[in-house]
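Chemist: Construct all of the structure, not just a fragment, from the sequences and the given hints.
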Amino acid sequence: MPANATASALSDPAWMRRLLIATALVFLALFLLLPLVAVFAEALRRGVSAYWAALVEEDALAAIKLTLIVAAIAVPANLVFGMAASWCVAKFDFRGKNLLITLIDLPFSVSPVISGLIYVLLFGLNGLMGPYLKSHGIQIIFAVPGLVLATIFVTFPFVARELIPLMQEQGSEEEEAALVLGASGWQTFWRVTLPNIKWGLLYGVLLCNARAMGEFGAVSVVSGHVRGYTNTMPLHVEILYNEYNFVAAFAVASVLAMLALVTLVAKTALEWRFGAELAASRHK
Amino acid sequence: MVAAASADVAFPTKGSAVTSILKKPSVLPGFGLTLGFTLSYLGILVLLPFGALIVKAGGLGWFGFWNAVLTPRVLAAFQVSFGLSLVAAAINAVFGFIVAWVLVRYQFPGKRLVDALVDLPFALPTAVAGIALSALYAPNGWVGKPLNELFGLKVAFTPLGIAIALTFVGLPFVVRTVQPILQELPPEEEEAAVSLGATRGQTFWQVVFPAVLPALVTGFALSFARGVGEYGSVIFIAGNMPGLTEILPLLIVIKLEQYDYAGAAAVGTSMLLVSFVMLLILNILQHWMRSRHAR
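Chains as they are written, first to last, in my numbering: chain A, 1 to 284; chain B, 1 to 295.
Keep in mind the hints are simulated off the structure, nothing from the lab. Using N, Cα and C, we set each Cβ at its ideal position, and we do this for glycine too.
To give a feel for the contact side, a few chain A residues facing chain B, derived at Cβ under 7 angstroms: (1) 17; (2) 91; (3) 256; (4) 264.
Modeler: Now the structure itself:
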C-alpha cells in the first residue's frame with residue numbers, strides 16, 4: 001500500500017474536518033454562546049442607567065446579600081466536611097468505604113427539587129419534625145436556615161469529590177514520614193497534607209461556591225419567596241421575570257452570569273497552571 | 001460507630017476496639033475523628049431527610065401511594081420529563097461526540113477557549129439559563145422569530161423548548177466523559193487496522209467507535225439523569241401546561257404549594273425509583289458492551 005494511502009486512512013479528509021469543526025462550533029455557538037450573549041444584551045436593552053438602577057434597588061441588594069451569607073455558611077461547612085471525608089477515605093482502609101463514597105455522591109444524582117422537598121418533609125409545618133419545631137418557636141423552612149441546609153445539600157459532594165481521588169493518588173508516605181519524625185497529627189495535616197492538596201482544594205471550593213450562589217430549584221422549594229427576606233439572587237431573577245420586569249431580571253441574572261464566567265476562567269487557569277496538582281481524573 | 005469516634009476524640013492516641021475491627025491498622029491519626037464527623041454530617045444532612053421522604057411516602061400505604069402516582073396528570077408529567085430527557089440526551093450524544101472528537105483530533109484557532117466554554121452549563125445558574133433560552137426562543141426572540149417566520153416552528157412554551165433547555169444542561173456530561181477516552185485511545189490500534197487494509201470508515205466504526213461507546217453511554221446516562229431532575233432552566237421556557245409541558249419536578253413544587261406533602265413525597269419517590277431502574281438498565285448495557293469490546 002502506498003504511504004499516502006495509509007496516511008489518508010489514518011486522518012480524516014480535509015472536507016470532513018472542516019464540516020465537523022463547523023458543526024461543532026455552530027452547535028456550541030447556538031446552544032452555549034448565544035444564551036450568554038442574550039443575558040447581557042437583554043440586561044442592557046434600556047441602557048446602562050436602567051441596568052444599574054435594577055442592581056442597586058433595595059430588594060436586589062437584599063438578594064445579593066442573602067446569597068453571599070448563604071454561600072459564606074454552606075461553602076466552609078462543605079469544605080470542612082470534604083477534608084474530613086477525604087482524609088478518612090483516602091488515608092485508611094475500612095469496611096463499607098465504597099458505600100460511603102456512593103452516599104457522598106448521592107446529592108449529585110438527585111433532582112434539586114427533591115433536595116428541597118426532603119427538607120420540607122422533615123422540617124416543614126406538616127413535616128415530621130414540624131410540630132416539635134413550632135412548639136419551640138424554631139423556623140427552618142421558609143427562612144434562612146432552610147436556604148442554608150438546601151444549599152449545603154446540593155453542594156455537598158464538590159470538595160470531597162475533588163479531594164478523595166487527589167489524596168488517593170498522593171498516598172500517605174509523606175504523612176508517615178512526618179509522624180515518624182515526631183510531628184503531631186495536626187502539624188502533619190497543616191504542614192504536609194494541606195500544602196499538597198491546596199490547588200485541588202481551591203478547585204473544589206470554586207465549583208462548590210458557583211453552585212451555592214447559583215442554586216435555584218432546591219432553594220426555591222424551601223424559600224417561601226419573601227421579597228427582601230428569603231430571596232436569593234436566582235429566586236429574585238425568577239420573581240422579576242414573572243412580573244415582566246425583564247430588564248431588572250436580566251440585570252440580576254447578568255451578575256450571576258459574570259460569576260459563572262469568573263468561575264470558568266479561574267477553573268481553566270487552575271487546570272492549565274496546576275493540572276498536575278489536581279486529581280488526575282479531572283484534567284485528562 | 002459515632003460512639004467509637006467520640007471515644008477517639010477524647011483519646012486520639014489510642015485506637016478504640018471498634019475502629020480496629022473496622023479498619024486495617026495505620027500509623028496515621030484521625031481516623032475516628034474524621035470518620036465520625038463524616039458519618040454524622042452525612043447522617044444529619046443527607047440520610048435523615050431522605051428518611052423523611054420514605055416515611056412520608058410510606059405513610060400513604062401501598063394503595064394510597066399508587067393512587068397519588070397513577071393519576072393522568074402525574075403520568076403525563078412522567079412522559080414529558082422522561083421522554084424529553086431521552087430526546088435531549090440523544091441530541092447530546094450525537095453533538096457531544098462531534099464536539100469531543102473535534103476538540104481531541106483537530107487543531108483550530110480558539111480551541112482552548114471552546115474547550116473551556118463547554119463547561120458553561122455547569123457554571124451558569126439554571127435560572128439564568130432558563131430566562132436566557134426563553135428570551136431567545138420566544139416568538140419575538142433572536143432565534144424564535146426566524147424559526148417561526150420561516151418554518152412556522154414554535155419553540156418556547158412547547159415540548160421542543162423543554163428539549164432545548166435539557167440539551168443545554170446535559171451537553172457537558174457527554175463531552176467530558178467521551179473526551180478523555182478519545183484522548184487515551186492508543187494510535188496503534190488505528191494504525192494496525194489501516195495496515196491490514198481497512199478504510200477510514202471501517203477503522204472508525206470497527207475500531208474507534210466500539211472503544212468509545214461505553215463512555216458515550218455513560219455520558220448519555222448522565223445527561224439523561226440530569227434532564228429528568230432539571231427544574232430551573234426548564235420552567236421558564238416550558239409554558240407549564242398540565243399534561244403537555246408540565247415536568248415532574250414542577251408537579252412536586254405545585255403539590256408542595258398546595259400543602260399536599262404526602263403527594264409530593266409519592267411523586268418524588270416514584271421519580272427516584274424510575275430513574276434508578278433506568279440507570280441500572282443503562283449500567284448493565286454498558287457492562288455488556290465493555291465485556292464484548294474486551295474480547
